[in-house]
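**Student:** Below are the chains, spelled out letter by letter.
There are 2 protein chains.
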Amino acid sequence: MATSEEGLIELCHGNGGWLMHELIEDIIRPALANPMLDTQLDAAKLPALEGLPVITTDGFTVQPLEFPGGDIGSLAVHGTINDLAVSGAVPLYLTLNLFIEEGFEISRLARLIKSLGQAADSTGVVVVAGDTKVLPRGQCGGIYLATTGIGTLAPGTNLGMGFVQPGDKVLVSGPIGDHGTAVMLAREQFGLSGTLLSDSASVLPLTLALQGLDGIRFMRDPTRGGLATVAYELCRATGLGINLWQEAIPVSDQVRGVCDLLGYDPYYLACEGRVMAIVSMSDAPSALKRWQALPAGSHAAIVGEIQSNHSRVVLTTDYGGERILEELEDDPLPRIC
Amino acid sequence: MATSEEGLIELCHGNGGWLMHELIEDIIRPALANPMLDTQLDAAKLPALEGLPVITTDGFTVQPLEFPGGDIGSLAVHGTINDLAVSGAVPLYLTLNLFIEEGFEISRLARLIKSLGQAADSTGVVVVAGDTKVLPRGQCGGIYLATTGIGTLAPGTNLGMGFVQPGDKVLVSGPIGDHGTAVMLAREQFGLSGTLLSDSASVLPLTLALQGLDGIRFMRDPTRGGLATVAYELCRATGLGINLWQEAIPVSDQVRGVCDLLGYDPYYLACEGRVMAIVSMSDAPSALKRWQALPAGSHAAIVGEIQSNHSRVVLTTDYGGERILEELEDDPLPRIC
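Top to bottom, those sequences are chains A and B.
Each residue of the first sequence is one higher than the one before, starting from 1 at the first, in UniProt numbering.
Each residue of the second sequence is one higher than the one before, starting from 1 at the first, in UniProt numbering.
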């Protein structure tokens, strides 16, 4: 038995023997090719880091594994480097854990890892270490990934919820909910389909664009639970409230249409390539300008404001009314990342 | 519905809403308590690293989740820091990914995370970032972990398979196969039981003990596939052969008994707290002495030698014969880590 792209993953591909070796050398290593990935070593030695290290980790269990605009491979890269980017860091290295189900098509694995490698390449990060486990049929939904990212903080960067003040503005870098909606449509469980692409992408150009702007308080990529959930975390951490202006929040027609049909709120749907930033009142216009000058920020908008007279997330509706966005208990769209 | 230790994990515990927040704050955070784990941040900011960074990552899918001498929580810590330690590094930080199956007992999760936290504490590493995903019932065997470890290389450390030379000695720090055998006995699938404990432990005291010894070429913790598999990786990388001396290899009576009964070779069984080291002929005796002076190394032994006249792993048996240890294709004991 040899590992070939036509075959299926078997339990023995995860047991440390030569079949695992072959899988790693034939399928995984070429897709992640870089001089720092030494599959003979238990641990990767990295050059000295210039700047303070920043580290983050994420698990990925999205269903379906491939969706319009991305797949679990590219999503894992984007999701991880975005967590570094919104912390004010420049991502440098990734590690990769694979949990693969017995019976998974090797050709599909190769495709997903290739996509992961391309996403890493195009954002200038390298995969330096990895681990593969194979689970018995029925004990793993195809493939799960875990990626850990390491970067370094740009000098002088100091972002955090603790810096947020009443009167600060809320910015988003583009239309919200595209990823959640695209993945949901790809499941075809509601009999809906569309041409919407996930927004899965690196947000590094967006976060770098705001570098050096004094009034940047905090950035976050609104993934699981969407914009409203990040807003709630902010309220909880600061004791402040957030007003969001429905009219100002960019939502694509397709996302709006799906939400209207199914009764979803786009504010709770995941993005995987957007940034929410809290910026001082005085610097908000120049932050917006910097974003709008980028292709990824052409639909950026100032969508709300930090309030001291309440501690909820309140939506000012298009009709001028106010509606409290309740904190999410259970996501209507599980497994979107 | 509130998160309590009596309850079961539900899908909503992984969806980014307040139930996930509660799970993290009530169950996970206290067990990993350290000032650097800030659950409000997407990424952890670390102090500047003194020395070159070393990074490794591992997935853990062991069955059963709890076994004599350890559990998946402590095993994840040991497995990850050991990969750093055998690279000549001092482990500093861990990140943690949880993949939990819907219906998993929260009290059990709390117990496993507590064990993980204690193992980290006792080896001086801190968990600085994490991520939790919940999978639908039947799509995850209880719980899978992925841990990434960061450490720094001790100055002057230069280990690697490339340094190995004919005539070098092979050392092991203690009896082999305890972990694999203990986990197998815990499954009770063969109707066997015993008092054997897994050797799951940090090997850092062992690797630090060899620091500064010129003749250290390479170290590895023989986990999946055991001593024979590490030996084969070494042969493949160097083109050299390895002779192992059956008589010299420490194997506990219980492991030997189980192997005799079931027809296993202990050389393929996993350890999770042992080191295999390749040391120059002249420094091998002092390396052995350093190990034997430690509680974890009291059964350390010189068990073989690097050869240039073949490129296989050859066992000199107790009866003076020679037997090629074939390279493992499929592990008789899957999911031991």
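Check the hints yourself; a few may be wrong.
Said to hold, decoys possible - Straight line, CA to CA, 16 Å or less: simulated EDC-like cross-link-like pairs of lysine to aspartate or glutamate: (1) B:Lys289 - B:Asp214; (2) A:Lys289 - A:Asp214; (3) A:Lys45 - B:Glu50; (4) B:Lys45 - A:Glu25; (5) A:Lys114 - A:Glu50; (6) A:Lys114 - A:Glu247.
Hint data in this document are derived by calculation from the structure and do not stem from the laboratory.
Everything numeric in this text was worked out from a predicted model, so none of it was measured.
**Student:** Between lysine 114 (chain A) and glutamate 50 (chain A), does the CA-CA distance stay at or below 16 Å?
**Tutor:** Measuring from Cα to Cα gives roughly 29 Å; hence the hint is violated.
**Student:** Does glutamate 25 (chain A) sit within 16 Å of lysine 45 (chain B), going by the straight-line distance between their CA atoms?
**Tutor:** violated (34 Å)
**Student:** Given the hinted pair lysine 289 (chain B) and aspartate 214 (chain B), is their alpha-carbon gap at most 16 Å?
**Tutor:** Distance of about 15 Å is within 16 Å: holds.
**Student:** For the pair supplied as a hint, lysine 45 (chain A) and glutamate 50 (chain B), is the alpha-carbon distance within the 16 Å limit?
**Tutor:** Judged against 16 Å, a Cα distance of about 14 Å means the pair holds.
**Student:** Given the hinted pair lysine 289 (chain A) and aspartate 214 (chain A), is their Cα-Cα distance within 16 Å?
**Tutor:** holds (15 Å)
**Student:** Hint check: lysine 114 (chain A) vs glutamate 247 (chain A), CA-CA at most 16 Å. Holds or violated?
**Tutor:** Violated: lysine 114 (chain A) and glutamate 247 (chain A) sit about 40 Å apart, past 16 Å.
Violated hints, listed in ascending order, are 4, 5, 6; each of the other numbered hints is respected by the structure.
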